[in-house]
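Model the full structure from these sequences, guided by the hints.
2 protein chains.
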Amino acid sequence: MAMLSPSRRLRRTPFSQGVEAQGVKGYTIYNHMLLPTVFESVEADYRHLKDHVQVWDVSCERQVELRGPDAMRLMQTLTPRDLRGMLPGQCLYVPIVDETGGMLNDPVAVKISDERFWISIADSDLLLWVKGIANAYRFEVIVDEPDISPLAIQGPKSDELAARVFGEDIRTLRFFRYGYFHFEGHDVLIARSGFSKQGGFEIYVEGTDLGMPIWDALFEAGKDLNVRAGCPNGIERVEGGLLSYGNDMNRDNTPHECGLGRFCNTQTAMGCVGRDALLRVAKDGPIRQIRPIAIKDRIAPCDRAWSIMDRDRKIGQITSAAWSPDFDCTVAIGMVRMTHWDPGTELRIETQEGPVTGIVQEQFWI
Amino acid sequence: MAMLSPSRRLRRTPFSQGVEAQGVKGYTIYNHMLLPTVFESVEADYRHLKDHVQVWDVSCERQVELRGPDAMRLMQTLTPRDLRGMLPGQCLYVPIVDETGGMLNDPVAVKISDERFWISIADSDLLLWVKGIANAYRFEVIVDEPDISPLAIQGPKSDELAARVFGEDIRTLRFFRYGYFHFEGHDVLIARSGFSKQGGFEIYVEGTDLGMPIWDALFEAGKDLNVRAGCPNGIERVEGGLLSYGNDMNRDNTPHECGLGRFCNTQTAMGCVGRDALLRVAKDGPIRQIRPIAIKDRIAPCDRAWSIMDRDRKIGQITSAAWSPDFDCTVAIGMVRMTHWDPGTELRIETQEGPVTGIVQEQFWI
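Going down the list, the sequences are from chains A and B. According to our numbering, the stretch in the first sequence is residues 445 to 810, in order. According to our numbering, the stretch in the second sequence is residues 445 to 810, in order.
By construction, these hints were calculated from the structure, which means they are not laboratory data. Quick reminder that beta carbons are idealized off the backbone N, C-alpha and C, glycines included. There's no promise every hint is true.
Per the computed footprint, the stretches of chain B lying under chain A, defined by three or more beta-carbons under 8 Å from a beta-carbon of chain A, are [said to hold, decoys possible]:
#1 476-485
#2 513-519
#3 637-647
#4 744-753
#5 771-782
Here it is as C-alpha cells:
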C-alpha cells in the first residue's frame with residue numbers, strides 16, 4: 445500500500461479535523477473526496493462496528509439536487525424504478541441507467557417535496573449526466589451539488605446514541621424514512637439508513653458550521669457506549685451483500701445482472717432513458733449475475749478484478765473480497781455466468797497471488 | 445499523509461507493474477484510477493525531470509470517444525472553441541463548459557477523422573455529460589470510454605529516447621500534432637504533448653498487451669540517458685502555469701476566469717451549450733482570474749483552498765502551491781479578484797499553518 449498525496453482536488457470534509465484527531469490510518473477517494481477506510485485495523489473496526497456504535501464521515505456521499513417544476517419528471521427519466529408512489533419523507537434506492545441499461549450509479553433518492561429531490565450518490569459524477577439530460581430535454585429544473593455532507597451513526601447502539609443527541613423521537617423513525625430533528629436550534633434532516641447491516645442513521649449536515657459541533661456532541665454523548673470513529677467496513681459490507689459501485693458493478697452491467705431487478709419497474713417507469721434496453725433484459729433475464737462466493741483461503745486485498753475460469757474460458761470475476769473473522773473464510777462478491785451460478789458450484793479464481801477455489805453461496809452472510 | 449487503501453474501484457493500469465517495480469512512493473486518484481505522484485522525492489523527481497527524461501504512467505487521462513456522423517457536431521456542442529479548422533492529426537486544448545459557462549473539464553481533443561474524436565480528459569466523469577448531451581439531442585454518434593492508456597515521455601532528452609524506440613521521424617513531429625509510429629509490428633498513435641513544460645510525447649496505448657513491452661523498451665533504450673519513472677510534478681507544473689482541473693478550477697469557474705479566454709471563440713462556436721452564458725462573460729470580462737503568486741515562506745502542502753483576505757473580506761484563494769528549488773520561493777496558483785490582481789500586489793494568505801504573504805507575479809516561472 446502506498447501513500448496518498450494530498451491536494452485540494454481530493455476534497456477534505458467538514459469532519460476531516462475530527463477524523464484526523466481520531467487517528468485515521470487509511471483513505472480511499474470517493475467522488476473526489478476523502479473517505480476514511482481504517483482507524484484501528486479493518487478487523488478491529490469490524491468487531492467494534494458489530495458490537496458498539498460508530499460515527500462515520502461519509503461526506504463523499506455527495507448530493508445531486510433537483511429543484512423546480514420538472515424535478516419529478518427528471519427523476520423518473522433517470523431510473524427504471526417507478527416513483528409515482530414516492531412520498532416526501534421517503535428514501536428510495538434507485539438504480540440509474542444509461543440508454544443501454546448500463547448502471548451509471550446506484551444512489552438513494554430522498555424526496556423533499558414534489559419539486560425537490562436529493563440524490564445521495566455513489567462514486568461517479570452523476571451530476572454531469574443529470575445536468576446533461578436536464579439541459580438537453582429543456583426540463584424546468586435546477587440541478588446542482590449543494591453543500592451537504594452526510595454523517596452516519598452505525599452499529600447496534602445507534603438508536604441509543606442518536607436519541608441522546610437528537611431526542612427520543614428518533615427511535616420511532618422507520619427504515620429509509622427521514623425526519624427533521626433539533627440540534628442547537630437547527631432542524632437537521634436525519635434518515636434511518638447507512639452503508640452497513642448493523643442499523644443506524646445518516647445525518648444530512650448542511651454547510652460546514654454544524655459539522656464539528658454535531659461530531660463532538662456524538663462523541664461526548666457516547667462515551668459510555670464506547671463510540672468510535674469508523675467508516676464503511678470492507679468485511680462487514682461484503683458479508684451483508686452491500687454492492688459498491690465501481691467495485692462490483694459499472695456501466696458494463698445492467699441492474700438485473702447486479703441482482704437489482706426488484707428495483708426496476710420497467711413496464712411502468714415511463715420516460716426512463718434506459719427503458720427500451722431494460723425491457724429486453726427483463727424479458728430474457730440476465731446471463732450473468734452477482735453472487736456471494738466463499739473462499740477458504742486468506743488472500744491479498746482484491747485490488748483488481750479476479751478472473752473466474754472454466755479451463756481457458758473466463759466465466760466471471762470477483763470484484764470484492766475480505767477475510768471474515770465471524771465466518772472463518774474470505775467472503776467475496778462476484779459476477780458469474782448462468783452456467784456456473786448455482787449455489788454449491790466450485791469456481792477456480794485467479795488472484796494476483798495465484799489460483800484459489802471458491803464456492804457459490806445460497807445467500808450473503810446475513 | 446495517510447495510506448491509500450487498494451480496491452478495484454481505484455483502477456490499476458497496464459503499467460502498474462512497471463510503476464511498482466520502479467518503487468512508486470505515493471499516488472493520487474484521477475478519473476477513478478491510480479496516478480503516481482512521487483518516486484524518489486517530489487524535489488528529486490523535479491530535478492531529474494528538468495535534466496533528463498522520464499516515463500509517466502498517465503493512463504488516468506482516460507479517453508471519451510465520439511464515433512459517428514454527428515461526432516463533429518457533438519464536439520462543437522461541448523466547447524466554445526471554434527473547431528471548424530481542426531484537421532485530422534491535430535490535438536486541441538478545449539475547455540468544456542455547461543449551460544452556465546462553468547468548466548466541466550479541460551481536456552485535449554484529438555481528431556482522428558471527421559467522424560471520430562478522442563477527448564483526453566482531466567479529472568471528472570466527462571463521459572456522463574457527453575453521453576447525456578448526445579442522447580438527449582439524439583445525435584447520431586456513439587460515445588464510449590475506449591481501452592486506451594496514455595504513456596508520456598517527458599524531459600529534455602525525450603526526442604532522443606523516443607527516436608531510439610519509435611524511429612527518427614518522431615523528431616519532426618510538431619507540438620500538439622500526432623502521427624502513427626511503429627512498435628513491434630503495430631502502428632501506435634503518438635502526440636507531441638504532455639503535462640510538463642520540459643517537452644515530450646504522449647503514446648496512446650490501446651489495450652493492455654502492448655503496455656509493458658513499450659514500458660520495458662523505453663527503459664532498455666534509455667539506460668545511458670538516465671531514464672526514470674516519473675509523474676506529473678507538483679513543483680514543475682505550478683512553475684509552468686499548467687492548471688489542474690479540480691485543484692485550480694471547477695464548475696464554479698468560467699474559462700475566462702481561468703485565463704483560457706484565448707481558447708474561446710464564443711462568437712463563432714455555434715451550438716456550444718454554454719454559448720449564451722459565455723457571450724455575456726466575454727463582453728464584461730471576468731472579475732476574478734488565475735494569477736501566479738510567489739510566497740517567500742516554505743509551507744505545508746496545499747491540501748485545501750487557502751483564502752486570500754483583505755482585512756475581513758475574502759478576495760481570492762490559492763489552490764496549488766509548492767516549494768521551488770530553482771526559484772527559491774513557494775510558487776502558487778490562485779484566483780484573485782480584479783481589485784488585487786495587478787502584478788506586485790501584496791496578498792495576505794490564510795494557510796492551515798497560519799497567515800503568509802504572497803506577491804502577484806507578472807507571469808508564471810517559465
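(message) Please verify the coverage claim for the region 637-647 of chain B: does it have three or more residues whose C-beta sits within 8 Å of some C-beta in chain A?
(response) violated (count 0)
(message) For the region 744-753 of chain B, count the residues whose Cβ lies under 8 Å from any Cβ of chain A; is that count three or more?
(response) This one holds; 5 residues, not fewer than the three required, reach chain A with a Cβ under 8 Å.
(request) Take the region 476-485 of chain B, compare each residue's beta carbon with every beta carbon of chain A, and decide whether three or more fall closer than 8 Å. (result) holds (count 3)
(request) Examine the region 513-519 of chain B: at least three residues should have C-beta closer than 8 Å to a C-beta of chain A. (result) violated (count 0)
(message) Taking 8 Å as the Cβ threshold, is the statement that the region 771-782 of chain B is covered by chain A upheld or broken by the three-residue rule?
(response) violated (count 0)
When the structure is compared with the earlier hints, violations turn up for hints 2, 3, 5 and for no others.
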